[in-house]
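**Student:** Line by line, the protein sequences are chains C and Y. The first sequence stops at residue 482 when you use the working numbering, and every number in between is there. The second sequence stops at residue 482 when you use the working numbering, and every number in between is there.
Simulated from the structure, these hints should not be mistaken for laboratory data. Zero decoy hints are in this set.
DMTMM-like mimics (lysine to aspartate or glutamate), calculated; alpha carbons at most 20 Å apart, straight line:
hint, chain 1, residue 1, chain 2, residue 2
1, Y, K123, C, D285
2, C, K135, C, D226
3, Y, K123, C, E104
4, Y, K300, Y, D310
5, C, K123, C, E337
6, C, K123, Y, E289
7, C, K123, Y, E104
8, Y, K180, Y, D227
9, C, K135, Y, E272
10, Y, K123, Y, E289
11, Y, K135, C, E272
12, C, K123, Y, D285
13, Y, K300, Y, D81
14, C, K135, C, D221
15, C, K180, C, D227
16, Y, K123, C, E289
17, Y, K135, Y, E43
Reference listing, derived: stretches of chain C covered by chain Y, where coverage requires no fewer than 3 residues with Cβ under 8 Å from a Cβ of chain Y:
hint, stretch
18, 196-203
19, 275-281
Glycine is no exception: its CB is placed at the ideal position from the N, C-alpha and C atoms.
Protein chains: 2
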Amino acid sequence: MLSPPLRPPLQARVDARLRSRIALSAAAEEGVQLRTGDFAAWLAERGRATDFRVERIPFAELDGWSFDERTGNLGHRSGRFFTVEGLHVTEEAGPFGDGPYADWYQPIIKQPEVGILGILVKEFDGVPHFLMQAKMEPGNPNLLQLSPTVQATRSNYTKAHKGADVKYIEYFAGPRRGRVIADVLQSEHGSWFYRKSNRNMIVEATGDVPLLDDFCWLTLGQISALLHRDNVVNMDSRTVLSCLPHPDTAARALLSDIELSSWITGERARHDVRTERVPLASVPRWKRGESTIEHEDGRYFRVVAVSVRAGNREVTGWTQPLFEPVGQGVTAFLSRAFDGVRHVLVAARVEGGFLDTIELGPTVQCTPDNYAHLAPPDRPLFLDTVLRAPADRIRYEAIHSEEGGRFLNAESRYLIVDADESDAPQDPPPGFAWVTPAQLTSLVRHGHYLNVQGRSLLARLNAAEPAGR
Amino acid sequence: MLSPPLRPPLQARVDARLRSRIALSAAAEEGVQLRTGDFAAWLAERGRATDFRVERIPFAELDGWSFDERTGNLGHRSGRFFTVEGLHVTEEAGPFGDGPYADWYQPIIKQPEVGILGILVKEFDGVPHFLMQAKMEPGNPNLLQLSPTVQATRSNYTKAHKGADVKYIEYFAGPRRGRVIADVLQSEHGSWFYRKSNRNMIVEATGDVPLLDDFCWLTLGQISALLHRDNVVNMDSRTVLSCLPHPDTAARALLSDIELSSWITGERARHDVRTERVPLASVPRWKRGESTIEHEDGRYFRVVAVSVRAGNREVTGWTQPLFEPVGQGVTAFLSRAFDGVRHVLVAARVEGGFLDTIELGPTVQCTPDNYAHLAPPDRPLFLDTVLRAPADRIRYEAIHSEEGGRFLNAESRYLIVDADESDAPQDPPPGFAWVTPAQLTSLVRHGHYLNVQGRSLLARLNAAEPAGR
Numbered sequence: 014m015l016s017p018p019l020r021p022p023l024q025a026r027v028d029a030r031l032r033s034r035i036a037l038s039a040a041a042e043e044g045v046q047l048r049t050g051d052f053a054a055w056l057a058e059r060g061r062a063t064d065f066r067v068e069r070i071p072f073a074e075l076d077g078w079s080f081d082e083r084t085g086n087l088g089h090r091s092g093r094f095f096t097v098e099g100l101h102v103t104e105e106a107g108p109f110g111d112g113p114y115a116d117w118y119q120p121i122i123k124q125p126e127v128g129i130l131g132i133l134v135k136e137f138d139g140v141p142h143f144l145m146q147a148k149m150e151p152g153n154p155n156l157l158q159l160s161p162t163v164q165a166t167r168s169n170y171t172k173a174h175k176g177a178d179v180k181y182i183e184y185f186a187g188p189r190r191g192r193v194i195a196d197v198l199q200s201e202h203g204s205w206f207y208r209k210s211n212r213n214m215i216v217e218a219t220g221d222v223p224l225l226d227d228f229c230w231l232t233l234g235q236i237s238a239l240l241h242r243d244n245v246v247n248m249d250s251r252t253v254l255s256c257l258p259h260p261d262t263a264a265r266a267l268l269s270d271i272e273l274s275s276w277i278t279g280e281r282a283r284h285d286v287r288t289e290r291v292p293l294a295s296v297p298r299w300k301r302g303e304s305t306i307e308h309e310d311g312r313y314f315r316v317v318a319v320s321v322r323a324g325n326r327e328v329t330g331w332t333q334p335l336f337e338p339v340g341q342g343v344t345a346f347l348s349r350a351f352d353g354v355r356h357v358l359v360a361a362r363v364e365g366g367f368l369d370t371i372e373l374g375p376t377v378q379c380t381p382d383n384y385a386h387l388a389p390p391d392r393p394l395f396l397d398t399v400l401r402a403p404a405d406r407i408r409y410e411a412i413h414s415e416e417g418g419r420f421l422n423a424e425s426r427y428l429i430v431d432a433d434e435s436d437a438p439q440d441p442p443p444g445f446a447w448v449t450p451a452q453l454t455s456l457v458r459h460g461h462y463l464n465v466q467g468r469s470l471l472a473r474l475n476a477a478e479p480a481g482r
Numbered sequence: 014m015l016s017p018p019l020r021p022p023l024q025a026r027v028d029a030r031l032r033s034r035i036a037l038s039a040a041a042e043e044g045v046q047l048r049t050g051d052f053a054a055w056l057a058e059r060g061r062a063t064d065f066r067v068e069r070i071p072f073a074e075l076d077g078w079s080f081d082e083r084t085g086n087l088g089h090r091s092g093r094f095f096t097v098e099g100l101h102v103t104e105e106a107g108p109f110g111d112g113p114y115a116d117w118y119q120p121i122i123k124q125p126e127v128g129i130l131g132i133l134v135k136e137f138d139g140v141p142h143f144l145m146q147a148k149m150e151p152g153n154p155n156l157l158q159l160s161p162t163v164q165a166t167r168s169n170y171t172k173a174h175k176g177a178d179v180k181y182i183e184y185f186a187g188p189r190r191g192r193v194i195a196d197v198l199q200s201e202h203g204s205w206f207y208r209k210s211n212r213n214m215i216v217e218a219t220g221d222v223p224l225l226d227d228f229c230w231l232t233l234g235q236i237s238a239l240l241h242r243d244n245v246v247n248m249d250s251r252t253v254l255s256c257l258p259h260p261d262t263a264a265r266a267l268l269s270d271i272e273l274s275s276w277i278t279g280e281r282a283r284h285d286v287r288t289e290r291v292p293l294a295s296v297p298r299w300k301r302g303e304s305t306i307e308h309e310d311g312r313y314f315r316v317v318a319v320s321v322r323a324g325n326r327e328v329t330g331w332t333q334p335l336f337e338p339v340g341q342g343v344t345a346f347l348s349r350a351f352d353g354v355r356h357v358l359v360a361a362r363v364e365g366g367f368l369d370t371i372e373l374g375p376t377v378q379c380t381p382d383n384y385a386h387l388a389p390p391d392r393p394l395f396l397d398t399v400l401r402a403p404a405d406r407i408r409y410e411a412i413h414s415e416e417g418g419r420f421l422n423a424e425s426r427y428l429i430v431d432a433d434e435s436d437a438p439q440d441p442p443p444g445f446a447w448v449t450p451a452q453l454t455s456l457v458r459h460g461h462y463l464n465v466q467g468r469s470l471l472a473r474l475n476a477a478e479p480a481g482r
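Just chain C, with the same shape it has in the complex (with noise of 0.2 Å):
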């Protein structure tokens, strides 16, 4: 007698359904848990419900943290959570970054770990909600976000913090885990990380789950709309989200996807971009104080400390360090409809921290103050077409912030821009192309193609316009 089969028998390579239930949870305005209209109130509650407090500290205050003797950096006495180094970028082909320099150094993130940045989907009266959380990092403008329903680096949920437990990361490592959506490796900043990358996840659960306090289930419509307002949708629910297979069908476009592969290839290939590890100590032009490590004309960040008191944390208190940037910034694409089909112009993005040298990013992705004291010629390309635009040209509006267990209020204003052939040409500059977004949620099933600032617009890009604009 033949043992039966150790698995299911063969499965489609693509769930035809999967894209239908999706565009189902982005048309459908409300949910059936928390109203949109209360959305607001609930997070001020949860706000309420914990009490924590974010202040700067001099360096010398921090808790198990300290700076290298021999090679000045700064990092944690367990060799745990990350470091702040030096880095020495050299490139031939600039001004990419955040700079107009073809060779310079700066402070930056090691976090060699690979995290996990899940979100939990689950079907309610026939419409996948996702499951999000209301979570305090110290770094957010206004400290409460929507974030993931995990958002844990391995220390986190290997118990570094000894603190709690990670919740619902069942769903997501181990054996019983859901139905998977999205598991890629997805870069962070490069211009602030070195080689960081974290696991989007998204995952669907079958049977009962829990709803714990500070979590709520929204449809992909009420994110849509909240994804308009300022400082509410985190960075790590943006990335995550640009991750689902939307619903975009456009099969024309201007390049076709092999004339797309090949400029990306051809932008890798082109740029010759080597990148040195250097101790934080010998990193010219940046000077550390006692509470701030800065460049000396007062650009780009600054590394700063802070101590958090929260109770509904890992931890219930610890201190650490953040990159504060010193300006707000700008995060644009330009949009052009070609033969009716949505096109927005993409760069190709050097940043030193990247793991290959290239990958694509916003039209424009720059802090302004940066640049204020250049001559318009070395200004970011499409910067004032961006700045200028008419309310009338405005398609998207609002102010997002980075990662906030690291980026201390790093705001910047994320733009879909109305564009002509007199402001974005259809033959672009070298370093752009055109492409839909249905391009792009092709190529974000893949790691390392769109950066996180151009994956934020992605998501926005992906949502149905929300009702009554």
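Model the placement of chain Y on the given structure of chain C, informed by the hints.
**Tutor:** Below, chain Y alone, put in the same frame as chain C:
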């Protein structure tokens, strides 16, 4: 009056006809130019047309190459081509790589520039033909093999060799190039190269193409037949051919595409591999003599030097270092049909020189001699199954050599071997997964998924069975 559009109107993202045209070429057992039966004589004639000789020389006789006094690194005085340096690799979850160590030192080739490996395609009598070149590489056991149309390092085509122009390069670089069919950066041997990748291109010409000496037009069916001969189709040809969008339409598999992506992501996150470049002189257990750098146990590979005299190469004579493996390798996929759909067993492989922690490779990829001293449990999984496979289970077998411009007599037996539940269970051990050739073809549209040995076998998997076999 409106100006005419700058580009053609929108295109289909995917060329629906391409796969059927590739199938047509794969089915064509003869082409319009050189008959398969005449190929061996043509290649031999090309060999006689050029007088070349390769001899081993002591390092002291290298011209322009020397060991750096401080680091012991071996490099060229121009600073170009490549260097031989040291690498320290540390990993938590061994054994992987070509030695059962969680921590090892080794010499490694550093060649940061990205070359072009390109095959030109043109339709004759409605059937796509591929332009292949009889090319001498000093490390090939038989010197002359069939290479892509273009096989050019950046030094080649920017004239660091001070030699002749690279023939047909204008179809792959610059404004006059043809229609791109594939264009992707793919890794090369992670055990021997530090983060090396080359641009794998397939480009279709629309106009007339002159046929130069040493070149021939072959159909895919012809090339498939040649893949059954030992040491004929060189590594560069095999990797480029693996990137063809082959018309395997199997829509079902044991793992859905997202389950496969998730497994790969999990393997990438699970392995914690750190690499550090170190001076060659500081690499322990490797000894430099007058003519070789070798491991004290005689295992793995040797660094050697050769002089080359040749007439049809970019320059008429040169000397260079090569890596010479100490034994013949075994590179094999175990294969099973599930529900009538062919699958192969891929391994998640850690190699010190990979850009990311792992890439997929064949089921078995090793040099058996390197493991002869170890107890059976420490030898590579599935090696015995491959070595002891009876003839009627061997679906494919040929000896191929690795890139003859860097590796001397680096031969492996490439095999595809039928397995059953007792040899290779449907639920494989950790680090292995069953995938279909169609799934591998989807993955190699992107870089850093399938290693060069896996791609060599994929080129064969995608070929039609030759007649009479």
